[in-house]
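Number of protein chains: 2
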Amino acid sequence: MRTIFWEDCIKMIDQTLLPETFKILEIRSVDELIEAIKRLAIRGAPALEAAGGYGVVLATREKKFEDFEEFKDYVKERANQLANARPTAVNLGVGVERVLKKVFEASSIEEARKKALEEAEKIAEEDIIRNKLMGGFGAKLIEDGDSILTICNTGSLATVEWGTALGVIKSAKLEGKNVRVFACETRPLNQGSRLTTWELLRDGIDVILITDSMAGIVMQKEMVDKVIVGADRIVRDGFFNKIGTYTLAVLAKEHGIPFFVAAPLTTFDWEKKMEDVVIEERSADELKYCHVKCRSCIIAPENVKVYNPAFDPTPFKYVTALITEKGVIFPPYEREVPKILKLRK
Amino acid sequence: MRTIFWEDCIKMIDQTLLPETFKILEIRSVDELIEAIKRLAIRGAPALEAAGGYGVVLATREKKFEDFEEFKDYVKERANQLANARPTAVNLGVGVERVLKKVFEASSIEEARKKALEEAEKIAEEDIIRNKLMGGFGAKLIEDGDSILTICNTGSLATVEWGTALGVIKSAKLEGKNVRVFACETRPLNQGSRLTTWELLRDGIDVILITDSMAGIVMQKEMVDKVIVGADRIVRDGFFNKIGTYTLAVLAKEHGIPFFVAAPLTTFDWEKKMEDVVIEERSADELKYCHVKCRSCIIAPENVKVYNPAFDPTPFKYVTALITEKGVIFPPYEREVPKILKLRK
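If you're matching them up, the sequences are chains A and B in order. Going by this note's numbering, the first residue of the first sequence is number 1, and it counts up by one from there. Going by this note's numbering, the first residue of the second sequence is number 1, and it counts up by one from there.
For the record, the hints were derived by calculation from the structure and aren't laboratory data. Certain hints may be false.
A pair holds if it fits inside one copy or across any two, identical chains being indistinguishable in the list.
Using 20 Å as the maximum straight-line C-alpha spacing, the simulated SDA-like pairs for lysine to any residue come out as follows [to be verified]: (1) Lys72 <-> Asn303; (2) Lys221 <-> Lys272; (3) Lys253 <-> Lys317; (4) Lys122 <-> Lys326; (5) Lys11 <-> Lys114; (6) Lys72 <-> Glu336; (7) Lys253 <-> Pro315; (8) Lys64 <-> Thr16.
Quick caveat, the model's predicted, so the values are computed rather than measured.
Given only the sequences and the hints, what does the whole structure look like? Please build it.
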């Protein structure tokens, strides 16, 4: 299932409407794309990388220009706005930068438009390929009969096509291993209950939905063999992922359950530490109403204070291994990660 | 705020309508009461104890009888049905048993009805008094400026009037200590976001709403000084409370944060161990729809499998102290709890 692609405009699945409605959005301007990213119609670090790339393509095409310098100034400004649509994941900016670079290497508007689209398509293709590679490496860690707990959505819907953490699970299934997935609902926006369960049911993989707060009991009752999660950003001393991931990591450690992070090398930001990263805080409304599209359903008093960070940092001491498209990385990460990062183009 | 009382019938706050609507239900039959308990219009172990008591009063009055033996058979049968409305908390059955005993000690229908009501009122009064005592003992553990994390609702709405874990927080506040509460929303039925925040705002206590999955990050960031929770049943090797409590206990241990359980002595079931207790599994619908009253708002595929235990067991090794109406109990519980239980008349 392809989540995002180019067909004279950006076409992508509107993830806010799932599981009820499967609808392909047509995005024709950078403003529309920023709005779609902010309301999480598209989300997931690798999918955002592709969106960032295609977004710069939109920037090259949404307005008529005669002057190449004016054109480049415009595209750069729009690219900047796009890159800042969400602050925590590094990938959106990576996609934007790659395509913007091609625009600036070109010598005419026409060439820039052509090169931009080629680069954006390349980003999307690369994501598909590296997810499959990651899946292959990760699948070796999965045993037949494993029950795997995960959070958020890290499947097709979070990437261009295959998935990161869910990609590993799908690859294990393809290899003939029987797996069962515990999907944490992933409050407050329910990407687990709305997207992951939908996707796994579609793929014929056994899935059981639980609340985030049930992760403890299922581990205590030895119903979970492994935890696999994605990552929005991996830094020198830990990684950032969907809020609740850190809690799962602490629980996994307490129960002696292996805890894996599956993410492409573009997710690594090895110059930074956890303390350097700004954690996006989202609207209080996400905890006051059932979910974004249904404000009529009130679940908290209007005037209550809310703390709503979208991600949390998990120090590396909780991480058994990192699964990437260049192989599985075991500790010590300080020594092992740079070796793999050198393989990055 | 009195949550449940007798006025020719049982009157109680319909907790499923909060925080939007404050409505007093009038319950005139055991069937209505069982239905109200099952749909959680009233919940919380101590409130259920009072409900159990008043429910037997209803059983003595909902039908005309000539024969005392027939009357007693009828009341006993109804009492049995009532006691089984929810399986995990011990308190509902305790309330039922206490009033039923008075019915069987009586020598006429009229006397039984009178004695039943007296005993039910006594149960309610005792709950108010012991909550205040518990609050006083517990408040000594709270320091000025403490941030306290809690789950579910353990305040007025969970008891007859004052509260257990929230009662401790209220008592600390009454003693002039400034406290701040992190209320976990408590999926899937959001007792934290719907009830605890509503009650604390009403009482003028500083409260911040978080998702259950944010308990990790607020502890990691040292925003939490103590965890206080209630209990539905305390057995020889641990205690049962709202699903998610065990996760909080593991997190508190990992971060060196004291973890307290506030519960009346009626909650103790010292003959049993954790493995002896049946954990209530509730409807999958609770995770598929926004919340019970709003089935139109779909948050998971119709056909997804769900695991939905309402409670989880937490072994005593995670518990810093037990707060009761007879004092605070520190480990070793095996030795210390029986000393306190002897004070139970």
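Problem - Violations among the numbered hints, reported as their numbers in ascending order - result: 1, 6, 8
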